[in-house]
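First to last, the sequence lines map onto chains A and B. Our numbering puts the first residue of the first sequence at 1, with every later residue one more than the last. Our numbering puts the first residue of the second sequence at 1, with every later residue one more than the last.
Keep in mind that the hints were calculated from the coordinates and are not lab data. Heads up, the beta-carbon is just placed ideally off N, CA and C, and yes, glycines get one too.
Straight-line alpha carbon distances no greater than 30 Å define the calculated DSSO-like cross-link-like pairs of lysine-lysine that follow:
1) A:68 with B:40
2) A:78 with B:40
3) B:41 with A:24
4) B:41 with A:68
5) B:40 with A:24
6) A:68 with B:37
Reference excerpt, derived from the structure (chain A facing chain B, CB under 10 Å, subset only):
7) 40
8) 43
9) 48
10) 102
11) 105
12) 106
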Amino acid sequence: DAGVIQSPRHEVTEMGQEVTLRCKPISGHDYLFWYRQTMMRGLELLIYFNNNVPIDDSGMPEDRFSAKMPNASFSTLKIQPSEPRDSAVYFCASSPGRGGGYTFGSGTRLTVV
Amino acid sequence: EDKVVQSPLSLVVHEGDTVTLNCSYEVTNFRSLLWYKQEKKAPTFLFMLTSSGIEKKSGRLSSILDKKELFSILNITATQTGDSAVYLCAVEANFGNEKLTFGTGTRLTIIP
Numbered sequence: 001d002a003g004v005i006q007s008p009r010h011e012v013t014e015m016g017q018e019v020t021l022r023c024k025p026i027s028g029h030d031y032l033f034w035y036r037q038t039m040m041r042g043l044e045l046l047i048y049f050n051n052n053v054p055i056d057d058s059g060m061p062e063d064r065f066s067a068k069m070p071n072a073s074f075s076t077l078k079i080q081p082s083e084p085r086d087s088a089v090y091f092c093a094s095s096p097g098r099g100g101g102y103t104f105g106s107g108t109r110l111t112v113v
Numbered sequence: 001e002d003k004v005v006q007s008p009l010s011l012v013v014h015e016g017d018t019v020t021l022n023c024s025y026e027v028t029n030f031r032s033l034l035w036y037k038q039e040k041k042a043p044t045f046l047f048m049l050t051s052s053g054i055e056k057k058s059g060r061l062s063s064i065l066d067k068k069e070l071f072s073i074l075n076i077t078a079t080q081t082g083d084s085a086v087y088l089c090a091v092e093a094n095f096g097n098e099k100l101t102f103g104t105g106t107r108l109t110i111i112p
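The following block holds chain B by itself, in its conformation from the complex:
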């Protein structure tokens, strides 16, 4: 059974700090790893990673995948209160099987 484990479960930091969120996975026939941000409603897409070692970047957020060690990290620099959310990691497996397996998420709280 596919498995995604995120750590830490929750994190509280001050505005301006840098945070690193972790995601490890076990999946048969890995296809991609995705990061989502969930505030009070639906998860919104951040990144999709398919290749090892290639950093994806969007503003203050960046993410990288290590397919050998089976993990990914999501970095947020110069955090702002608007970054407070649950960050979800998901894996997609088996070409032609479109379902995602999600981790339980990391709850990030930014204190002003």
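The shape of chain A in the complex, shown without the other chains:
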């Protein structure tokens, strides 16, 4: 199994530009999570999906952030427009649920200048 696959690994963009982060979960995992990690705040849950349906998006910072999961094998997290304070590492994770644990992707390091 290739694990959770995220792309790109690194993204540097100018303030105001649109950024799209991508994630392919492990096949058969019903849950997909988007986390953001910063030095100051640690790992914060942004949103999670169950069977492609968003369940909890209370962690999404503001309307500039949106996430979609059009099918069981793909999800995107979009920031439009991006701001320097969005600079962070964004992790995607998937889980089979029912206490089956999480598997994290390698993350996307986003730098907004």
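We have chain A; now place chain B onto it with these hints.
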């Protein structure tokens, strides 16, 4: 709101020392507590604890949960430079709610 607090924030020890990392939590309808190790990339799973007083062990690492006092410890004996990492504690709550709440982590540095 669920809360996880880890201590110390950082720790520097010499190779061969034993370390104890702490995690306290406040959560409604506790389900499990998990420990992860994060080096330069993604967190990797170490332990899942659901019952009080039962030690989980993997090599030089061990962990135990106290559900009465709402904390867990992670012990690492005979530390090696490869143990240098950020150790994250997370709690899972509410059966059917699969999200994890993470602490900010303990940064462990092992000096050769």
